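With the working numbering applied, the sequence shown corresponds to residues 1 to 272, in that order.
Certain hints may be false.
Stated by the list, open to error - Derived DEER-like restraints, expressed as beta-carbon distance ranges:
id : residue 1 : residue 2 : range
1  : 126       : 210       : 34 to 42 Å
2  : 235       : 263       : 18 to 26 Å
3  : 112       : 149       : 22 to 30 Å
4  : 50        : 213       : 34 to 42 Å
5  : 38        : 112       : 32 to 40 Å
6  : 141       : 177       : 39 to 47 Å
Unchecked claim - EDC-like cross-link-like pairs, simulated, lysine to aspartate or glutamate; straight-line CA separation at most 16 Å:
id : residue 1 : residue 2
7  : 143       : 159
8  : 143       : 69
9  : 182       : 69
10 : 143       : 158
11 : 182       : 91
These are calculated hints, taken from the structure and not from any lab test. All values derive from a computational prediction rather than experimental measurement. Note that beta-carbon positions come from the ideal geometry of N, C-alpha and C, so glycine has one too.
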Amino acid sequence: MNKLIAELERLYFLAQPVGLAECLRGERHFELGLISPEGTVRTMGLTFSRAADWPSVSTLCQALQDELELPLPAVSVSAQAGFQLWFSLLEPLPVAQAAGFLEALRGQYLTAIPSHHLESFPGSDGVPDTVALVPAYYPARDKWSAFIDPSMGSMFVEESGLDMAPNMDRQADLLAGFRSIKADDFARAQAALLSMAEARAACLSAEKDAAESLLADRAVRPQAADRLSLGSGFQDPQSFLLAVMNDPAASAAHRIDAAKALLPYVARVDAA
1 MNKLIAELER LYFLAQPVGL AECLRGERHF ELGLISPEGT VRTMGLTFSR AADWPSVSTL
61 CQALQDELEL PLPAVSVSAQ AGFQLWFSLL EPLPVAQAAG FLEALRGQYL TAIPSHHLES
121 FPGSDGVPDT VALVPAYYPA RDKWSAFIDP SMGSMFVEES GLDMAPNMDR QADLLAGFRS
181 IKADDFARAQ AALLSMAEAR AACLSAEKDA AESLLADRAV RPQAADRLSL GSGFQDPQSF
241 LLAVMNDPAA SAAHRIDAAK ALLPYVARVD AA
């Protein structure tokens with residue numbers, strides 16, 4: 001258990017809380033404070049309340065590594081339902097900066113998840129300012145929350161939580177493989193997210209302009225189709241109708257109507 005406490009402290013604690021050992025033994029529930037008296041955090045994360053959103057969790061984890069070049073966050077499975085991603089910051093950051101980063105992640109990668117099924121900790125206003133410690137026992141469900149190997153997340157889609165206490169040394173070994181985000185890497189990833197957001201906004205603006213242009217074009221086109229450009233040098237209705245029928249620039253409806261109107265003349269010629 002001391003190994004696990006050391007890993008939790010390395011990654012997430014601003015200061016080691018009292019009563020931690022009792023929590024890890026399943027004897028009490030514990031809320032980990034996120035915000036220092038100076039208004040900074042070194043732990044931030046995302047809570048996915050639906051286990052069915054695991055594919056989105058997995059995709060985000062991959063994007064964090066491949067696109068943002070950040071260390072993989074720790075993943076925990078809830079005793080209730082769903083998952084949490086745990087980001088560790090090497091140096092504490094102001095709450096607003098951390099919350100803005102999480103909001104940018106949501107905007108770039110998690111727009112398909114309804115907001116009431118996804119929570120950031122801390123939020124933009126610092127709420128919530130605590131998060132339930134993992135691993136922990138939940139008597140109401142007789143289940144444990146626990147950190148898991150990210151490659152095993154799909155195993156918990158149907159049934160969340162663990163039926164028995166996780167091996168605390170193995171939890172420690174699992175956390176030992178995770179790294180805190182360095183300040184320079186965080187700044188670079190934040191800039192990349194801002195650039196992605198600007199590109200996304202520009203794309204949406206271009207799509208909106210294209211849609212408005214198409215609607216305007218459709219609104220004008222029927223009026224233009226009602227006007228014929230044959231001139232006015234016709235001596236009789238028959239020659240005019242014949243010109244409309246043979247005009248490739250005229251609408252199909254106009255040409256068909258002209259052909260129908262010419263039928264009596266054609267019949268007379270045949271009869272003669």
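(message) Tell me the hint numbers this structure goes against, listed in increasing order.
(response) 6, 8
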